[in-house]
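Peer 1: If you want the building blocks of each chain, they are given just below.
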Amino acid sequence: MKNPYRTQNIAFFFLFLATLLIMVPVGLIVAIIIQKGLPAINWQFLIDMPRQGMRAGGIFPAIIGTIYLVTGAIIFALPIGLLTAIYLSEYSKDNLLTRLIKLAIVNLAGVPSVVYGLFGLALFVVFFKFGTSILSGSLTLGIMIIPVIITTSREALESVPQSFREVSLSLGASKWQTIRHIVLPNAIPGILTGTILGLGRAAGETAPILFTVAAFYLPQLPSSIFDQAMALPYHLYVISTQVPNVDEKIRYGTAFVLLALVLFMNLVAIIIRYKFRKKKKW
Amino acid sequence: MRKLKELIIEKVILICGLASIFFVVLIFLFLLKEGLAVFKIVSPFKFLFGKSWYPISEPPQLGILPLVLGSLLVTVGAVIISIPIGVGCAIYIAEIAPLKIKEALKTGIELLTAIPSVVLGFIGMVTLVPLAKNIFHIPTGLTALSGSIMLAFMAMPTIVSIAEDALYSVPKTYKEGALALGATHWQAIWRVMLPAASSGILAAVMLGIGRVIGETMAVMMITGNAAVIPSSILAPVRTLTATIAAEMGEAVVGSEHYFALFAIGIVLFVISFAINVTADLFLHKRQ
Amino acid sequence: MVIKFNIENLNIWFGSIHALKQVSVGVQANEILSIIGPSNSGKTTFLRMLNRLNDLSQNFKMNGSVKLEQEDIRNIDTELLRKKVGMVFALPLPLPLSIFDNVAYGVRMHDRKNKKILGEIVEASLKEAYLWEEVKDRLNESAFKLSGGQQQRLCIARTLAIEPEVILFDEPCSGLDPISTAKVEDAMVKLKQKYTIVLVTNNVKQAARVGDRTAFFLNGELIELDKTDKMFTAPLDKRTDGYIRGKFG
Numbered sequence: 399m400k401n402p403y404r405t406q407n408i409a410f411f412f413l414f415l416a417t418l419l420i421m422v423p424v425g426l427i428v429a430i431i432i433q434k435g436l437p438a439i440n441w442q443f444l445i446d447m448p449r450q451g452m453r454a455g456g457i458f459p460a461i462i463g464t465i466y467l468v469t470g471a472i473i474f475a476l477p478i479g480l481l482t483a484i485y486l487s488e489y490s491k492d493n494l495l496t497r498l499i500k501l502a503i504v505n506l507a508g509v510p511s512v513v514y515g516l517f518g519l520a521l522f523v524v525f526f527k528f529g530t531s532i533l534s535g536s537l538t539l540g541i542m543i544i545p546v547i548i549t550t551s552r553e554a555l556e557s558v559p560q561s562f563r564e565v566s567l568s569l570g571a572s573k574w575q576t577i578r579h580i581v582l583p584n585a586i587p588g589i590l591t592g593t594i595l596g597l598g599r600a601a602g603e604t605a606p607i608l609f610t611v612a613a614f615y616l617p618q619l620p621s622s623i624f625d626q627a628m629a630l631p632y633h634l635y636v637i638s639t640q641v642p643n644v645d646e647k648i649r650y651g652t653a654f655v656l657l658a659l660v661l662f663m664n665l666v667a668i669i670i671r672y673k674f675r676k677k678k679k680w
Numbered sequence: 161m162r163k164l165k166e167l168i169i170e171k172v173i174l175i176c177g178l179a180s181i182f183f184v185v186l187i188f189l190f191l192l193k194e195g196l197a198v199f200k201i202v203s204p205f206k207f208l209f210g211k212s213w214y215p216i217s218e219p220p221q222l223g224i225l226p227l228v229l230g231s232l233l234v235t236v237g238a239v240i241i242s243i244p245i246g247v248g249c250a251i252y253i254a255e256i257a258p259l260k261i262k263e264a265l266k267t268g269i270e271l272l273t274a275i276p277s278v279v280l281g282f283i284g285m286v287t288l289v290p291l292a293k294n295i296f297h298i299p300t301g302l303t304a305l306s307g308s309i310m311l312a313f314m315a316m317p318t319i320v321s322i323a324e325d326a327l328y329s330v331p332k333t334y335k336e337g338a339l340a341l342g343a344t345h346w347q348a349i350w351r352v353m354l355p356a357a358s359s360g361i362l363a364a365v366m367l368g369i370g371r372v373i374g375e376t377m378a379v380m381m382i383t384g385n386a387a388v389i390p391s392s393i394l395a396p397v398r399t400l401t402a403t404i405a406a407e408m409g410e411a412v413v414g415s416e417h418y419f420a421l422f423a424i425g426i427v428l429f430v431i432s433f434a435i436n437v438t439a440d441l442f443l444h445k446r447q
Numbered sequence: 031m032v033i034k035f036n037i038e039n040l041n042i043w044f045g046s047i048h049a050l051k052q053v054s055v056g057v058q059a060n061e062i063l064s065i066i067g068p069s070n071s072g073k074t075t076f077l078r079m080l081n082r083l084n085d086l087s088q089n090f091k092m093n094g095s096v097k098l099e100q101e102d103i104r105n106i107d108t109e110l111l112r113k114k115v116g117m118v119f120a121l122p123l124p125l126p127l128s129i130f131d132n133v134a135y136g137v138r139m140h141d142r143k144n145k146k147i148l149g150e151i152v153e154a155s156l157k158e159a160y161l162w163e164e165v166k167d168r169l170n171e172s173a174f175k176l177s178g179g180q181q182q183r184l185c186i187a188r189t190l191a192i193e194p195e196v197i198l199f200d201e202p203c204s205g206l207d208p209i210s211t212a213k214v215e216d217a218m219v220k221l222k223q224k225y226t227i228v229l230v231t232n233n234v235k236q237a238a239r240v241g242d243r244t245a246f247f248l249n250g251e252l253i254e255l256d257k258t259d260k261m262f263t264a265p266l267d268k269r270t271d272g273y274i275r276g277k278f279g
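Residue numbers (the numbering used here), protein chains in the order written: chain X, 399 to 680; chain U, 161 to 447; chain F, 31 to 279.
By construction, these hints were calculated from the structure, which means they are not laboratory data.
Heads up, some of the hints might be wrong.
Think about it this way: if two alpha-carbon atoms lie no more than 27 Å apart in a straight line, the pair counts; the simulated DSS-like pairs of lysine-lysine are [stated by the list, open to error]: (1) F/175 / F/146; (2) X/491 / F/91; (3) X/500 / U/171; (4) U/165 / X/491; (5) U/165 / F/114; (6) F/235 / F/51; (7) X/500 / U/445.
Keep in mind that this is a model prediction, so the values were computed, not measured.
Using the sequences and the accompanying hints, generate a full structural model.
Peer 2: Here's what the structure looks like:
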């Protein structure tokens, strides 16, 4: 056996190298998009319609479309996700049904995003005849982010100490009263974190909206939930692969806006979580 | 009155709890409903092992072997790259990094998870693709290799966070015992920690693979999308996911092409289901 | 002598663990019944049976009967039972609410009362728990700002506010210093005029100080139950004697 400390140094060097191989590109990606995208951003870019086949003008309808989609997705996903989390954390027993639900959630989280797109197409667009519309897209994205909301909300609910529940019950409160007045209020920061992470996920996904909502080029705002709409991630895909001769500035600008939107949401979630941890009273 | 209200609330919550099962079943049923029709035109065997994918020729040729191989090639490449780096990084974060740096690294990983795949695809197009073209002197940088690298990168967060969890949950006494016997820190990691965390790490790798197989946008943007059996890792390929994403827009609802794309969806669903169930078993074994 | 609780042939299991074995006890109205015994002797399980908190455990099983004033507690609405049988836990466990809301919590859960009445109930309960003077000017502050002893008296006040008939104390002084302990014990002795008290304690001396009768549990069995004076001077069972003298614990 050679000197074990030398082996250790070599091993640790490679582990460090592996870490760098992930972290450096992450930093570079963000840096490149900021460096090349930021100069493209001005007020006009954000609030103008695209023009000349998306080779000029702004990305306003894509921003609005994404906001609509994400809002719709969360309206659908939050109640179901939160109630499922409540079921798992407060009501479920350790039995086969619970195991099945957990397995279903794991699978729901693992279904490829493009398969969600197919599902949305088959169920909402074709079967329910919602057509390619904001409604179809929102529902598809909503189902996709349910696992995110369940997982984070459940963690938040379970981190509320069991003793609080016992105290509340021992004072004669019912189970639901205990959940409503003690468990939920103390889990709200965590639930909020999960919701925002879900929003971020929904805002960045492209594949689920490809066939359910996305309009290739639609320089006007949607007027109802049954309209098609543009969306930021799809717009970025279109102008980087489908439309030749788009000014690089527009591509980077769009990538910047999308990344900024998603990272902003994540940042908010991180801040909430951090503040909550610091403020925790127990 | 109060009892009734409690009961109603409990039932509503139970129903929502069942929603996840309902959605998984619903997804599978609708994929079957739209996808099985393709087997009236082509046998399952010919569908899975047919060597040509020309969905809009007359008659259409619906063999997905080139796409399966495309997915496989890109996935294998990504796995080879991402396992050592991802597990290495997990070990570094769990065992070596000081607390402050650890937090920073975890934030970095979260950042990577958050970047939308279309943004990564875009970045891959403007950086990785020209780079590959120049290094290997090939006509296009849109290759399986570029896709593998990008996908490896996208699988990292999954692998790192789950493997780190697995290492973290190895009882402290294991490591302390090894150190007390005079092992170096690295020996303790290599001989004790890694074996103890192995099923969790395996689950991490499997979920990473699941992520890679299911990834769509980035892979569509940088692998070149040639639906032929790939000849080398430096040739353009097309994956199962990219095929659906690229062609569904043009497929007429109810056409053979449409059914075939849904059938590919079934294949993807079954693969991801198998991977997730297996990974879940590994994770449960650990507990 | 009025019997408040009548427990007959009670057996409790958690999974395969037989936590209580054939326990029969009568709890008299307006007495303090102390329950002593080493840890894992089943005394807390016994206490949590009386307000059915054991039901929260997934693999809880029981047989035998527990009657509150002749009625089997399994036939009483759980919330109503817990309103009649209040509990004070081992550690001070204020809810993450203000001082006022902590005391008002149980009352609010049972029915809507107007502000004035609620205020009166809170004041009366805090006075009964000897806390009013210390907190009357800061009722809206977080309960976590109180000291440990104050928190425990707040928990007592919170239990009193729902006007129970029986109060269960689960080692209420285990986290407190001697001065706070004395205050809580004072409160208990005065409370027994109005309430029936069952006190689980790890502290043999505490049982001797406040208990009218004392029960000794060991390994899930009731070994001996007698007047506190008699138990501490002439216990019938050798094991009781050994435990009281501190030979094991």
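Peer 1: Hint by hint, say whether it matches the structure.
Peer 2: Results for each hint:
1. For the given pair, residue 175 of chain F sits about 25 Å from residue 146 of chain F by alpha-carbon distance, which is consistent with the 27 Å threshold.
2. A hinted pair counts as satisfied when its Cα atoms are at most 27 Å apart, and residue 491 of chain X with residue 91 of chain F qualifies at roughly 15 Å.
3. Of the supplied pair hints, the one linking residue 500 of chain X and residue 171 of chain U holds, its CA atoms being roughly 18 Å apart against a limit of 27 Å.
4. With a C-alpha separation of about 21 Å, the suggested pairing of residue 165 of chain U with residue 491 of chain X holds against the 27 Å cut-off.
5. With a C-alpha separation of about 22 Å, the suggested pair residue 165 of chain U and residue 114 of chain F falls inside the 27 Å cut-off, and the hint holds.
6. Straight-line distance between C-alpha atoms of residue 235 of chain F and residue 51 of chain F comes to about 26 Å, which keeps the hinted pair within the 27 Å bound.
7. A threshold of 27 Å between alpha carbons decides the hint, and for residue 500 of chain X with residue 445 of chain U the separation of about 15 Å falls inside it, so the pair holds.
Figure legend: structure checked against the earlier numbered hints; every hint is met.
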